[in-house]
Amino acid sequence: QQQVKQSPQSLIVQKGGISIINCAYENTAFDYFPWYQQFPGKGPALLIAIRPDVSEKKEGRFTISFNKSAKQFSLHIMDSQPGDSATYFCAASSSTDSWGKFQFGAGTQVVVTP
Amino acid sequence: EAQVTQNPRYLITVTGKKLTVTCSQNMNHEYMSWYRQDPGLGLRQIYYSMNVEVTDKGDVPEGYKVSRKEKRNFPLILESPSPNQTSLYFCASRVSGISYNEQFFGPGTRLTVL
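Chains as they are written, first to last, in our numbering: chain W, 1 to 114; chain E, 1 to 114.
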């Protein structure tokens with residue numbers, strides 16, 4: 001049973017468009033929500049992360065929106081570029097878990113067309 | 001260069017033939033873990049280690065063993081591989097068990113068990 005549900009499974013967006021990936025969770029103890037970016041043949045790499053004390057975090061063209069009451073968070077990629085084509089994973093963890101365990105979403109494959 | 005390395009990168013084997021996938025990090029990280037990545041399931045944690053000689057099971061430990069005799073190395077052992085262990089495996093490390101610390105992933109090992 002996946003503790004973090006991610007959608008859509010795949011996404012095709014034109015260059016310059018906005019990519020939006022959504023994640024939902026059930027465990028209210030989760031208090032750290034990172035997004036990872038994975039290129040083919042590479043390991044995932046941390047892209048951006050948020051804690052629930054803020055509702056939005058922006059780094060360049062990447063923004064996380066967080067809705068604590070709905071237990072949802074999303075990644076927005078503004079002005080999408082072909083170099084953004086990758087698989088994106090959301091994740092969640094709890095600071096009360098001394099082992100720092102992460103639960104990952106199933107991943108979203110994003111393709112940005114020229 | 002700070003990195004997590006895995007060997008081999010690709011491996012095809014047969015059912016029942018013991019194998020070891022090595023993982024090494026040069027960042028003096030205390031925390032290391034193994035994940036498997038399967039389509040539609042995201043990344044699932046197999047085992048993790050908080051420090052030398054301290055390991056514990058993740059979400060999908062069946063059929064796997066690990067050891068942590070040195071801080072930098074965390075090998076994954078499949079004593080009797082089966083076809084359902086065909087997957088993409090990632091080793092990861094971070095400074096400590098606290099989840100807020102950035103987690104660094106290796107490049108992955110693609111394992112096929114025939």
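Note that these hints are calculated values from the structure, not bench results.
Some hints here could point you the wrong way.
[As the list claims (entries may be wrong)] Mimicking DSBU-like on lysine-lysine, the simulated pairs with C-alpha atoms at most 35 Å apart in a straight line are: (1) W:Lys42 x E:Lys17; (2) W:Lys5 x W:Lys101; (3) W:Lys5 x E:Lys71.
Quick rundown of the hints versus the structure:
1. W:Lys42 x E:Lys17: holds (27 Å)
2. W:Lys5 x W:Lys101: Judged against 35 Å, a Cα distance of about 17 Å means the pair holds.
3. W:Lys5 x E:Lys71: Answer holds: W:Lys5 to E:Lys71 is near 34 Å, not above 35 Å.
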